[in-house]
Amino acid sequence: MKASNALWKERLAGKIDEALAKEVDTFEMEIELRKQGKVDEKVFAETRLRRGTYGQRYDNGQRHDGTESKKLPFEEKLTKGPMTAWDAPGMQRIKIPYGGLNPEQLEVLADLAEEYSDSIAHITTRQDVQLHFVHIEDTPSVMRRLAAAKITTREACGNSVRNVTGCPFAGVCRDEPFDVTPYARALAMFLLGHPDAQNFGRKFKPAFSGCAQHACGLTAMHDVGYTAVVRTVDGKEERGFCMVVGGGLGSVPYQAKVFEEFLPLNELLPTVQAIAKVFGKHGEKKVRSRARLKFLVADWGLEKFKAEVAAERKKLAPDPRWTSMLPKADLEDETPLKPPGEMPSLGNDERLQHWARTNLREQRQAGYVVATLALPLGDITANQLRDLADIARKFTKGTVRATVEQNLVLRWVSKADVVELYKALSAAKLAAPGASNIQDIVACPGTDTCKLGISSSRGLAAELRGRLVAKGTALDRAIQDLHIKISGCFNSCGQHHISDIGFYGVSRTVSGFRVPHFQVILGGQWEENAGSYGLPIIAIPSKRIPDAVERITAHYLKHRQPDERFTKYVRRVGKGPIRELLEPLTKDLPDPAKDATLFSDWGDPRQYSIGDIGKGECAGEVVSAYEFATTEAERMVFAAQLKLDAGDAQKAGEEAYAAMKMAAKALVQLQYDDVTDDAQEVADEFKERFYDTKVFFDPFAGGKFADYYFAAHEKRGQKFTAEFAKYTIEEAQLFIEAVHSCYNKLRTEGIGTKP
Amino acid sequence: MSDLQHINVKIGLANESKLDGERVVEIFHGWISKQASPDEGVLIDVADYRHVPEGPGILLVGLHADFGLDYADGRAGLRYNRKGAVGGDNAKRFKQALSAAARACAKLEEETKGGLKFARDGFDLTVNDRALAPNAPETFTKHKAELEAFAAALGGGSVERLNAGEPRRLFGARITLKKPLDLAKA
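Protein sequence lines, in the order shown, are assigned to chains A and B.
All letters in the first sequence, in the order written, are residues 1 to 755 by this note's numbering.
All letters in the second sequence, in the order written, are residues 1 to 186 by this note's numbering.
The set of hints was computed from the structure by calculation and includes no laboratory data.
Please note: incorrect hints may appear among the correct ones.
Unchecked claim - Each pair of labels, with its calculated beta carbon distance range:
#	chain 1	residue 1	chain 2	residue 2	range
1	A	Thr67	B	Asp73	32 to 40 Å
2	B	Lys34	A	Val695	32 to 40 Å
3	A	Lys281	B	Gln35	48 to 56 Å
4	A	Leu33	B	Ala184	40 to 48 Å
5	B	Glu40	A	Arg364	34 to 42 Å
6	A	Ser345	B	Glu160	42 to 50 Å
7	A	Pro318	B	Asp73	54 to 62 Å
8	B	Gln35	A	Asp595	23 to 31 Å
9	B	Gln35	A	Met1	19 to 27 Å
Claimed, not checked - Covered stretches of chain A (in silico footprint by chain B; criterion: 3 or more residues with CB under 8 Å from a CB of chain B, positions within the stretch not fixed):
#	region
10	4-11
11	58-69
12	115-124
13	130-140
Everything numeric in this text was worked out from a predicted model, so none of it was measured.
Even for Gly, the Cβ is constructed at its ideal location relative to N, Cα and C.
Make a model of the complete structure from these sequences and hints.
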C-alpha cells in the first residue's frame, strides 16, 4: 500500500469534478468501514465491483504449485468479498467511453501503471484499460488521479451499464453516414449512475458503429447496439440509428435482433432508459446464468419485449437531458493539427512498407490517415504511454482511441508525416506491423490473472504471435488476413466466437492426468459487426495448438477457391473434414513420466493441476466407462453441428439433447451403475446426486450448466428452430465441459467411486 | 529530511550473461512454492511480459514487493520494486531495497548456475511515488547528500541524477561504485 495515499486527496482537491470527488470519498469511507467490520463482505464486493475494482487469480489465498494446493501466507485476515483475501492484489478496470483518450490521460495511465501496478496498461476487447496487481487500499488514489484527468471507473464492473464502446474510426471512416462519437458519449454520460440503471441482475453493454459492414463496433454481440443510418423524408435527410437488442457472447452467444430499423436521434436516450427500466424490472435476478438481457428477449420474444419497452417509454417523465446531452449541430468532433498532405515515397524499407500496408487506413478527409499501434496482447508499458502522448501531441491534436482488437489508433495524421511518424513510433517500439492480421492476436487474461481462466490464453497467444511474426510477410496474404482470438474459458472475453480461428480453454483428463486443452472454434465472422458465430470443432491439447493452426491454414491455402474467404471456405468444406484433419492431434499423448510437455500450459512450468490426480484400480475401471461415454457425447454434439449445417435443425437439436443426456448419465454411473437409458430417470438421478447436492456446481457459475441440461430436458420433443438448435448445441458443449470439470473434482476429492 | 518510500533498485545484467527466460520463470515459480522471497515477504504470482519490448520482462509479484527481470529503457537487469512502506529513515530504506535486490541477484546467479551474471559496479535507485518524490531538481538537491552517504557506505562512488530531462519519469539516481558490490552482503 502506498505511503502517499493521504497526499493525493489533498493535492487534487478542487481539481476533480465535485460529484466524482464525492464518489471516491464515499468509496474510501466504505473501505474504512469494511476494515472496521461494519460492512458485510458481499455488500462490499458489489460496491467495489461497481467501481471497477475486481478480483484476481489466487485471491482466495490458495495457489496450486503443480503438486499441491498451498495457502498463500497473507497476514491480513480481512476479506474484500466472499473467499477474497484483503491483501490479494486485484485488477482495476478503467472505463474509456468509445475508447477515446487524450495525451494527458495517457500520461496519467502511465503514472498509475508504474506506481500502483506492474508498469503495464492492458487494453481490453471492450476498449477499457486494466491495471493488474493493485492493492485495494490504493484504489481511491488511483480513482482520484483518474478523475483529475476526467476518467471514471464507476460501473466498470458489477451489475451495471458497462463501458459504452464505439467504432474507433468513427468520424474519419469512409463508410459511415455520420460520426457516432457524440452519441456514444451522450449515452455513456446519460446512463452513468442513472437511477433506472441500478437494478440489473447482470451487466448491460451498449455499442455504437458507424456502418453495418465492418467489425469496428461489434454491435451484433451487444445487449444494445446502434448503427448509424440516414433516411430521406420529404426530400430531407434525417439521421438515426438501426437499433438491435439482446446480443451477447458469454458462454452461449446470441445474435442481437433488430428492435428498430430507424430510431430517431431524439429517441436515443429515452428508449435506452425504457429498456433499462424493463431489464431492471423483468430481467432475471436469482439465476445469474439467465440474467442477461439476451435471455429476457429470447424468453419473451422480440414483439413482447418491444411492447413492454414502448409501454415503459410512455410512462417516462420527460427529461431535458434527452435532448440537451445530444450534440447541438453537425460539428466535427475532432480537428487536425497539421494540414492535409500527400503520401511520401516509402523507399525500399520493407518493414515500413509492411507497416504502411497493414497499419495505415485512409480517412474520409482527404490527406489524412489513421495509424494503428498493434500492441502485443493488448499490453503497453508506462514509458510507451508517455512516448505516445508526445507523439500524439506532435502529429495530431491528441486524438487517440483504444480498439476492440486491443490496439490503439492515432487519428488525423497528415499523410505528409507518415515516415516521420513511423520513425517516432519505431523509437518507442510501437511500430509493429500486421495490425488486424493473423499475428495481431486477441486474448483475454486467462489463467495469467483471471479467476475463471482454465487455460493460458495469453501464453498461447504469445507463442502463436512469436511464430507468426517470425514468418511475417512470408505468409500468404490469404493467411495474413485471418484473425485469431483466444479465451481462457468459455466466457468469451477473448471473443473467440467471432474470429476466423478461435480458441477457448478447457481441460481434459487423459490417463488420469489433467491436460490443458483448447476447443477449436471455426467459421465465426468478424466483419459485419460480428455477423455470425463459429461453432466448436474439437478440443486439442494446448501445446499442440500451433500444429493445429499450421494444419488449418495449410488446408485452407490448398483447398480454397480463388478469393474465397475463410468463413466461406469452412462452410463449403464442412466441419467434418476439418475435424478429421485435427483429430490426430488429440491422440497418442506421451507418458507424462517420460515427456511432461503436454501436461503443463504455455508460459507456466507447473504441471497442470497434477496434484489433482487420484489413483486406484476401482477408479480406473470407472474411468474407462466414463471416458467412453463422454467421448461419445462429444461426438454427438459434433454430429449435431453437422446436422444443423445441413439444414436439419430438428435432428440437430435432438442430437444435442441426447449428447447432454449421455454426459449426465456418464456422471450418474460413477455412483449408480444401474441407471437406465430413460431420459426422465437420468435427469432425476443427475439432479438428486449432483445438482441438489451442489457437487456439480462451478465455484463461479454455480449450477448454470446443469440448468442448460434441465431446460433442454424439459423442452425435449418440442420443435427446434435453427436458432434454438444452435443454442442447444452450444449449451450441450458447455454442459459436457462442466461434466469433465465435475469428474475432475470427484477424482480429486476421492468420491468418484460407487457408494 | 522528508521520507522517501517505495524505493526501487535495478541491478543491471552483466554483458556475459546468458539469459534463459524459461528458466527464470521456472525459478520464480519455485520461490513462490517455497515462499522463499529474498526479502522474506509474501510471494504471489509470476507475470510474463517478455512479449512487450523494453517492458517489465518476467515479474515475480509479491504482497509488499515485486522482483523483475526487467528490460525497461533497453537495459536488462533485476528490478526490486518495494510496494509496502518500510520503517526507519531513508538510509535504512535505501539499504533495505538494495539488500533485497542484491540477494535476488545472488539467488538467480546461483540457481541459473552462472547463466545469469549481474553487474557489480553500480545500480539505479528510483523512488516509485511521484507524490513523495517528484522528479525535479529540488528533489535531487534535497536528497543528494543522503544518496552520497549511501554510496560512501558501500565503499564510495558517484551519484548522478537519472531522467533529469524528463520530469514525468520517476525520480532517481544512478550510483556508480568504486568497489564491486558484494551481492551476498549488500
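Taking the beta carbons of Lys34 of chain B and Val695 of chain A, is their distance inside 32 to 40 Å?
34 Å, holds
Outcome for the supplied range 40 to 48 Å, where the beta carbon pair is Leu33 of chain A and Ala184 of chain B
46 Å, holds
Verify this for me: three or more residues of the region 58-69 of chain A with a beta carbon less than 8 Å from a beta carbon of chain B.
Check passed, 4 qualifying residues.
Using the beta carbons of Ser345 of chain A and Glu160 of chain B, state whether their distance is inside 42 to 50 Å or not.
43 Å, holds
Note whether the CB distance of Gln35 of chain B and Met1 of chain A lies within 19 to 27 Å or breaks it.
20 Å, holds
Note whether the CB distance of Glu40 of chain B and Arg364 of chain A lies within 34 to 42 Å or breaks it.
60 Å, violated
Would you check chain B against the region 4-11 of chain A, counting CB to CB pairs closer than 8 Å, and say if three or more residues qualify?
Since three or more residues must qualify, the claim that chain B covers the region 4-11 of chain A holds, with 4 doing so at under 8 Å.
Look at the Cβ atoms of Gln35 of chain B and Asp595 of chain A and judge whether their distance stays inside 23 to 31 Å.
Holds: the Cβ-Cβ distance is about 30 Å, inside 23 to 31 Å.
Go ahead and decide if the range 48 to 56 Å is satisfied by the Cβ distance of Lys281 of chain A to Gln35 of chain B.
51 Å, holds
Mind checking, does the region 115-124 of chain A have 3 or more residues with a CB under 8 Å from chain B?
holds (count 4)
If you look at each residue in the region 130-140 of chain A, do at least three have a Cβ nearer than 8 Å to any Cβ of chain B?
With 3 residues in contact (Cβ-Cβ under 8 Å with chain B), the coverage given for the region 130-140 of chain A holds.
Against the range 32 to 40 Å, how does the distance between the Cβ atoms of Thr67 of chain A and Asp73 of chain B compare: consistent or not?
38 Å, holds
When held up to the earlier numbered hints, the structure conflicts with hint 5 and nothing else.
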